[in-house]
Amino acid sequence: MSDLLHHHIKLPEGSIEKQTTTLNLGPTHPATHGVMQNIIELDGERIVSAEQTIGYIHRAFEKLAERRPLYQITPLTDRLNYCSSPLNNMGWHMACEKLLGVKTPKRVDYLRVIIMELARISDHLICNSIVGVDSGAYTGFLYVMQQRELIYEIYEEICGSRLTTNIGRIGGFERNFNATAFEKLDKFLKEFPKVWKEFEDLFTRNRIFMDRLKGTGAISSERALSYGFTGPNLRASGVDYDVRVHTPYCSYEDFDFVVPVGTTGDNYDRFLVRGEEVWQSLNIIEQAKRKLEEFTGADAEIYHADVPEYYLPKKEDVYTKMEALIWHFKIVMGETAIPKGEVYHSIEAANGELGFYFISDGGRTPYRLHFRRPCFIYYQAYSELTKGAMLSDAIMTMSSLNLIAGEMDA
Amino acid sequence: MLRNYRVIRLLNYQIMALTNEIIRTRLLEKFGEQLTEWSEPYEMLTFTAPKEMNLKVLQFLYDDETLKFRFMTDLCAVHYPERIGEELAVVYHLHNLADNIRVRFKVFVNVGQPDVFTASKLFEAANWMERETYDFFGVNFVGHPNLKRILNVDEMDYFPLRKEFPLEDQTRVDKDDEMFGRGGTFGYGTEKELVGGTLAEDQKHNEGSGIL
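If you read the sequences in order, they're chains Z and V. Residue 1 is where the first sequence starts when you use the numbering used here, and the numbers rise one by one after that. Residue 1001 is where the second sequence starts when you use the numbering used here, and the numbers rise one by one after that.
Among the hints, erroneous ones may be present.
Unchecked claim - Here are the computed distance ranges between Cβ atoms for each label pair:
{"#": "1", "chain 1": "Z", "residue 1": "F329", "chain 2": "V", "residue 2": "M1156", "range": "37 to 43 angstroms"}
{"#": "2", "chain 1": "Z", "residue 1": "R290", "chain 2": "V", "residue 2": "D1157", "range": "32 to 38 angstroms"}
{"#": "3", "chain 1": "Z", "residue 1": "D256", "chain 2": "V", "residue 2": "T1025", "range": "36 to 42 angstroms"}
{"#": "4", "chain 1": "V", "residue 1": "G1112", "chain 2": "Z", "residue 2": "D256", "range": "52 to 58 angstroms"}
{"#": "5", "chain 1": "Z", "residue 1": "K387", "chain 2": "V", "residue 2": "D1115", "range": "29 to 35 angstroms"}
{"#": "6", "chain 1": "Z", "residue 1": "Q19", "chain 2": "V", "residue 2": "E1033", "range": "34 to 40 angstroms"}
{"#": "7", "chain 1": "V", "residue 1": "K1163", "chain 2": "Z", "residue 2": "R205", "range": "33 to 39 angstroms"}
{"#": "8", "chain 1": "V", "residue 1": "M1156", "chain 2": "Z", "residue 2": "E222", "range": "52 to 58 angstroms"}
{"#": "9", "chain 1": "Z", "residue 1": "L189", "chain 2": "V", "residue 2": "T1025", "range": "49 to 55 angstroms"}
{"#": "10", "chain 1": "Z", "residue 1": "P339", "chain 2": "V", "residue 2": "K1163", "range": "16 to 22 angstroms"}
No lab work stands behind these hints: they were computed from the structure. Since the model is a prediction, treat every value here as computed from it, not as a measurement. Glycine is no exception: its CB is placed at the ideal position from the N, C-alpha and C atoms.
Sequences and hints are given; from them, build the entire structure.
Written out as structure tokens, the structure reads:
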């Protein structure tokens, strides 16, 4: 029989004798939620080893950035973590401002905080609802998608785009938030808590969901630190590191919020930490709104810092004023020299510490720009997280880590 | 409501027991004049170590009871073609989470023989970051368990973030191809040498040899 088999079917050498199965999970598998590959060695349904291949959507952002003036790099940052583009945009603007020594007005900081926290909410609700989808509960996902739509409508009102936002500029925003933007924000703040409460009621104490998540994909705090985890994934394993608190930027020191921390670092804790962070973000937005109401008269019209060298002037000024025309021309043609310097600036993005290491040699474009992408750094722990686990648990681990291929591959 | 996590209040969490001055003194006590180019751009302590010392410095920063730099934030490289003999800089960003202070240090290596000891035994996070650095700059991390390309294709035979690979000049004037706006003979990677000194001359040389 064996001879017959070998005679008629050409199988690779050793494939019959092998005790384990090799499974290619990805690059276009629906469960990866992004373009990445896992070559998994399976013994039955247990994972013996997993090896990752990434880079399928590598777009050479670091190289491209070396040829672009600062304002043209913002659209590149959109495409890192595309579930929360405004966070990346703001981080980039702040890195530039740090290098240039620009001090932004308080009102700009508060407006930015609103946008950043909205982005964090939209990112976390995707991640948590995708965890639901992968455990077989699709309804929650569709339900919160409606809420994400409300967030996108707010972005739209401010910058005109939705997913890859390119929001804001160095020094502030391109325009002031209009009344409709605040109306839409109010609508979101009114509707969303109910929906999120419902979502949590559906999942948090759901027996099936808990059984699927508890104890799977766990990582200790020591290992998480060694692997360079940051953000909700690190906090889920019990380390209270949050860039917003440790190295406050954008006036986060003015806000009162708590940093939720887990204990076991498993999928369930990651789910809970993200869930609670959404509540905290809502709280921060409420505070920021109250702080914004304190600005009256001319102060309420401030939406950018005075940096004519880098802040694109208003279009009507370009057509009517000489200085604005000159600055516009110089910025658009990329003719402004960036001061010499070396800066590392990081923000708490939805996935953790998003860092910008920016070296300028006094030219018009960055000499070197390196993105510290949290996703890229913690994905290497995936083989350790899934070793010995069931295949279905590995899928949950992948979604609860919130792996975004765009951020991983830069 | 039942929730199984602790909520820790961390507002205004600012312990600055450790300062740049203390770090610098500790390092100078240990390594003396071997560490050079001290500076503090934007308040982050920065210094340079000899390339064969990178692991010793990392280990000391990790083990020392006052320094405790036990979190690797970032690892990347920078290419400085004008620094003859030490063209590639490998840059480490470390973070002391307990005292909340960061430090940056660099080692410079010759681009001809870019050997640096791997930090992946000390920090798991360094594994992929070193692979990325190898992928883009060709830094050879000695002792790395799996030093191969990570984001680019395996067949690639050059290191794209080095400065000898300039991006296309956006103001170039030789985009006169009637169909695609550029010469169709520009090779991918090093598989094709430019015959003329510039792309335009090369294009002239290869006229009619195909569009893209």
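Right, here's what the structure says about each hint:
In this structure, Z:F329 and V:M1156 meet the distance hint of 37 to 43 angstroms, their C-beta atoms being roughly 39 angstroms apart. Taken as a hint, the range 32 to 38 angstroms is violated for the pair Z:R290 and V:D1157, whose Cβ atoms sit roughly 59 angstroms apart. Here the CB-CB span from Z:D256 to V:T1025 is close to 37 angstroms, well matched to the stated 36 to 42 angstroms. Taken as a hint, the range 52 to 58 angstroms holds for the pair V:G1112 and Z:D256, whose Cβ atoms sit roughly 56 angstroms apart.
The supplied range of 29 to 35 angstroms is met by Z:K387 and V:D1115, whose beta-carbon atoms lie about 32 angstroms from each other. With their beta carbons about 58 angstroms apart, Z:Q19 and V:E1033 fall outside the hinted range of 34 to 40 angstroms. A hinted range of 33 to 39 angstroms is violated for the C-beta pair V:K1163 and Z:R205, which are about 57 angstroms apart. Under the hint 52 to 58 angstroms, the C-beta atoms of V:M1156 and Z:E222, about 36 angstroms apart, miss the expected range.
For the pair Z:L189 and V:T1025, the beta carbons lie near 51 angstroms from each other, so the given range of 49 to 55 angstroms is met. For Z:P339 paired with V:K1163, a C-beta distance near 21 angstroms keeps the hint of 16 to 22 angstroms intact.
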